[in-house]
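Protein chains: 2
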Amino acid sequence: MNAPQHAHPTPVIAPRPMPAEMVDALRARFGDRCSTAMAVRELHGRDESPFDVPPPDAVVYCESNQDVIDAVRLADRFAVPVIPYGVGSSLEGHLLAVQGGLSLDLSRMNRILEINAEDLTVTVQAGVTRTRLNEELRHAGLFFPIDPGADASIGGMTATRASGTNAVRYGTMRENVLALGVVSASGEWVRTGTRARKSSAGYDLTRLFVGSEGTLGVMTEITLKLYPLPEAVSAAICHFPSVDAAVQTTIAIIQMGVPIARCELLDGRTVAAVNRHDRLSLREQPMLLMEFHGSPAGVAEQARTVQDIAAELGGESFEWATTPEERTRLWTARHHAYFAALQTRPGCRCVTTDTCVPISRLAEAIGESVAEADAAGLPYFLVGHVGDGNFHIGYLIDPTQPEERVLAETLSAQLVGRSLRLGGTCTGEHGIGLHKMGFLLDEAGPAAVGLMRAVKQALDPKNIMNPGKIFEA
Amino acid sequence: MNAPQHAHPTPVIAPRPMPAEMVDALRARFGDRCSTAMAVRELHGRDESPFDVPPPDAVVYCESNQDVIDAVRLADRFAVPVIPYGVGSSLEGHLLAVQGGLSLDLSRMNRILEINAEDLTVTVQAGVTRTRLNEELRHAGLFFPIDPGADASIGGMTATRASGTNAVRYGTMRENVLALGVVSASGEWVRTGTRARKSSAGYDLTRLFVGSEGTLGVMTEITLKLYPLPEAVSAAICHFPSVDAAVQTTIAIIQMGVPIARCELLDGRTVAAVNRHDRLSLREQPMLLMEFHGSPAGVAEQARTVQDIAAELGGESFEWATTPEERTRLWTARHHAYFAALQTRPGCRCVTTDTCVPISRLAEAIGESVAEADAAGLPYFLVGHVGDGNFHIGYLIDPTQPEERVLAETLSAQLVGRSLRLGGTCTGEHGIGLHKMGFLLDEAGPAAVGLMRAVKQALDPKNIMNPGKIFEA
Chain U
1 MNAPQHAHPT PVIAPRPMPA EMVDALRARF GDRCSTAMAV RELHGRDESP FDVPPPDAVV
61 YCESNQDVID AVRLADRFAV PVIPYGVGSS LEGHLLAVQG GLSLDLSRMN RILEINAEDL
121 TVTVQAGVTR TRLNEELRHA GLFFPIDPGA DASIGGMTAT RASGTNAVRY GTMRENVLAL
181 GVVSASGEWV RTGTRARKSS AGYDLTRLFV GSEGTLGVMT EITLKLYPLP EAVSAAICHF
241 PSVDAAVQTT IAIIQMGVPI ARCELLDGRT VAAVNRHDRL SLREQPMLLM EFHGSPAGVA
301 EQARTVQDIA AELGGESFEW ATTPEERTRL WTARHHAYFA ALQTRPGCRC VTTDTCVPIS
361 RLAEAIGESV AEADAAGLPY FLVGHVGDGN FHIGYLIDPT QPEERVLAET LSAQLVGRSL
421 RLGGTCTGEH GIGLHKMGFL LDEAGPAAVG LMRAVKQALD PKNIMNPGKI FEA
Chain L
1 MNAPQHAHPT PVIAPRPMPA EMVDALRARF GDRCSTAMAV RELHGRDESP FDVPPPDAVV
61 YCESNQDVID AVRLADRFAV PVIPYGVGSS LEGHLLAVQG GLSLDLSRMN RILEINAEDL
121 TVTVQAGVTR TRLNEELRHA GLFFPIDPGA DASIGGMTAT RASGTNAVRY GTMRENVLAL
181 GVVSASGEWV RTGTRARKSS AGYDLTRLFV GSEGTLGVMT EITLKLYPLP EAVSAAICHF
241 PSVDAAVQTT IAIIQMGVPI ARCELLDGRT VAAVNRHDRL SLREQPMLLM EFHGSPAGVA
301 EQARTVQDIA AELGGESFEW ATTPEERTRL WTARHHAYFA ALQTRPGCRC VTTDTCVPIS
361 RLAEAIGESV AEADAAGLPY FLVGHVGDGN FHIGYLIDPT QPEERVLAET LSAQLVGRSL
421 RLGGTCTGEH GIGLHKMGFL LDEAGPAAVG LMRAVKQALD PKNIMNPGKI FEA
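Chains U and L supply the protein sequences, listed in that same order. Quick note: the first sequence, position 336, residue 336 per the UniProt record's numbering, numbers continuous. Quick note: the second sequence, position 205, residue 205 per the UniProt record's numbering, numbers continuous.
Do not rely on the hints blindly, as some may be mistaken.
If several chains are the same, the list does not tell them apart, and a pair holds so long as it fits within one copy or across any two.
[Unchecked claim] With a straight-line Cα cutoff of 20 Å, these simulated SDA-like cross-link-like pairs (lysine to any residue) come out:
#1 225 - 175
#2 225 - 256
#3 462 - 115
#4 225 - 169
#5 225 - 299
#6 462 - 15
#7 462 - 407
#8 225 - 188
#9 225 - 37
#10 462 - 313
#11 225 - 329
These are calculated hints, taken from the structure and not from any lab test. None of these values were measured; they are calculated from a predicted model.
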């Protein structure tokens, strides 16, 4: 087969109306913090996905666990959907009210509850954003490495099992969430673990909730692993004659076990977009943007190894950024790649892909997908957390041209089909949301999805927790 | 409170008889590979736990996924318990047929299905043991680090979320299982993931099954992460004037972020037992047994840092073991500590503890527990994967003296209560099994255990998968 069987790019919209009695009850409990104003609802009814869906019926701004508990209990009583909301940076439609319901805005739950520097752990409320967290940690000589680009909330990052640029060394939210405080679908407060580094105490509820996209309960408190700020940090850019040469270099770095902290690919046209957007003058060629963490001797050793590998594969002009300011400038530019690419085609929207394959198949996965995109003639950008085998091709479509969306979805489906055949996954870090429900079926198969559904039904029998995401209905 | 509320050391035995019709059906399907001989049943009806429970009603030796599927379907039809069996090294009664039923012996499913050296992954059948796996990997320059001491099966290690000596650097089975092939309780074949290093594709079924102790399905295929054999390895012993000084050294090593590969504590009496058992002449004082992995320069750097820390805390006579033979001798001795300790009291049985606390609370957790054990006058041993905050006190009881068992269980309950108060878990690596069901309730609370039970009921509605473990009934 060339494309997945279940590709399904259009969300199913089936609102369950919120009874007036529930609106009254929310107003009585939350006063001004409950809003049904259209502007507020619309703000909470969109994210970075390319879908247009009617907004939620009401929004409640939560300030405490008790607020969440009370809101969920009302939703349970009236069997109305609940959609947790952080900062709205989802790329897959996680926040869209496809069945109507109540948006629970957690952005005011933004307290850092406990830093345990000596244990390298921190407990935060779900609304804390990753840059805020790192600002607070810096004085303790610590950091939280997971960095999906957007200044997402820790709650949202947990819900999508996010990762980003540092995951090649530090892992993803899967590896870095130690425990959660969750409000279950029936409005019970549950702690899913302790601050111990490891445990064999029953089912791994923590990992069950990480990546559950708000469909099993509302995560309000998150205990994370921290890391000491590295003694030495050094970033480097290396240019390559082709995307393939950059990918082959990455594969060799990973296979040699170099503990590289970041290893990011940008293709030539994305470098050009970034240059324009961030006023940089990078060579407009395929590029690896890398970072090394460790002791001064360790960083020097890693860098030497990587330079040798790159040189053999045609990598040229290693450029170093050793001051924090230079590094920040480069990484900010990398994080702007998505928006920089959008600006190359004014008014466009983006159909983003997010496959992740075993590293040995990365050159094949990227090479064929690039050739296919080039042949199709649709503008696109290519960036990748290539150290993990994860890359994003974003097809830039004119939303007024329906055939462009069809073409982009066809390319996306072919790219996913290829990645699955190569032993990979349809989503490395963005989640299933609305867009990839069909791909999940292709990837996991009906039996595995059946187990997921059984878990969902067991923990949320009324299907009120962010319904219509991950699975249909 | 000084002790947990739900301590519950005695297994509830409630056999569900296997109908003769099922025995006939098993014989028809499996022939000689189905046994009801008492000697075979008894062999499959015990493990390293201190409990005496009647054996399973029958044993089937499985050789393929289809064997497992067919056996589980029969068990489903007759609503009879199924207990997966690897090598019998459980310490917590996981293999005991408290409700009777069928023991599925997976030891013949011992094929290494696929080594993907370039991706650092391997897929094995559940019956492969960890030493066998590492023998097969050595020629590829790779290894699988998880090392619980016993030569356990990979299936058993997955079922208990095992860890052991290398976890401080490489993580536990939680971090190192990439995907599973599972036979569900209804006899369906399910793949829980791909070989991609990361994924956000739906619920984390892999992590749900890891640590589920055979209660959700039978794991028959396991895809693991591998690591390149380190370029340089060096092991060292350091003696300390007190257990506390050794623990304080460990805490400082971890807090400084030294990427130590192994950091094991033995108290003086355990060193003495090991000396006798393995004919060594180690100083019979509290000791840290450490190992460093990396490049030659990296290993030297780590060792220097650790020596400086240890010296400040009274650590003496750093002794190095750099040849593979010396290292193997030391680690073999460490792995014999449990059996060496048992031999210090002929005829004894062992009540083992397995708590794990945040590293900052480790000195308090160990110090108070040791003082309590000393005051009680019961012989015991103390070893610990202290880099993780995980330690084992094993109380050596005379099984003919019921009051010794009561005393040991009281000490164990007090130790668990203390660890929970310090933010830890009742089990770092052995699992809940029969022995710690009460402690799980204390640790996780009824709401979290309620979610676990709901998951269990959803995936195993007839309660046939290793029933009576993790939760009662």
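To see whether the hints hold, each was checked on the structure:
1. 225 - 175: For residue 225 and residue 175, the Cα distance is within 20 Å both inside one copy (8 Å) and across copies (14 Å).
2. 225 - 256: between (26 Å within a copy, 15 Å between copies)
3. 462 - 115: Neither way: residue 462 and residue 115 sit 37 Å apart in one copy and 44 Å across, limit 20 Å.
4. 225 - 169: Answer is both; intra-copy 14 Å and inter-copy 14 Å each pass.
5. 225 - 299: Neither: 23 Å inside a copy, 25 Å across copies.
6. 462 - 15: Only inside one copy: residue 462 and residue 15 sit 15 Å apart there, 36 Å across copies, limit 20 Å.
7. 462 - 407: Close neither inside one copy (37 Å) nor across copies (48 Å); limit 20 Å.
8. 225 - 188: Neither. Shortest intra-copy (25 Å) and inter-copy (36 Å) distances fail the 20 Å Cα cut-off.
9. 225 - 37: neither (39 Å within a copy, 51 Å between copies)
10. 462 - 313: Close neither inside one copy (56 Å) nor across copies (58 Å); limit 20 Å.
11. 225 - 329: neither (27 Å within a copy, 35 Å between copies)
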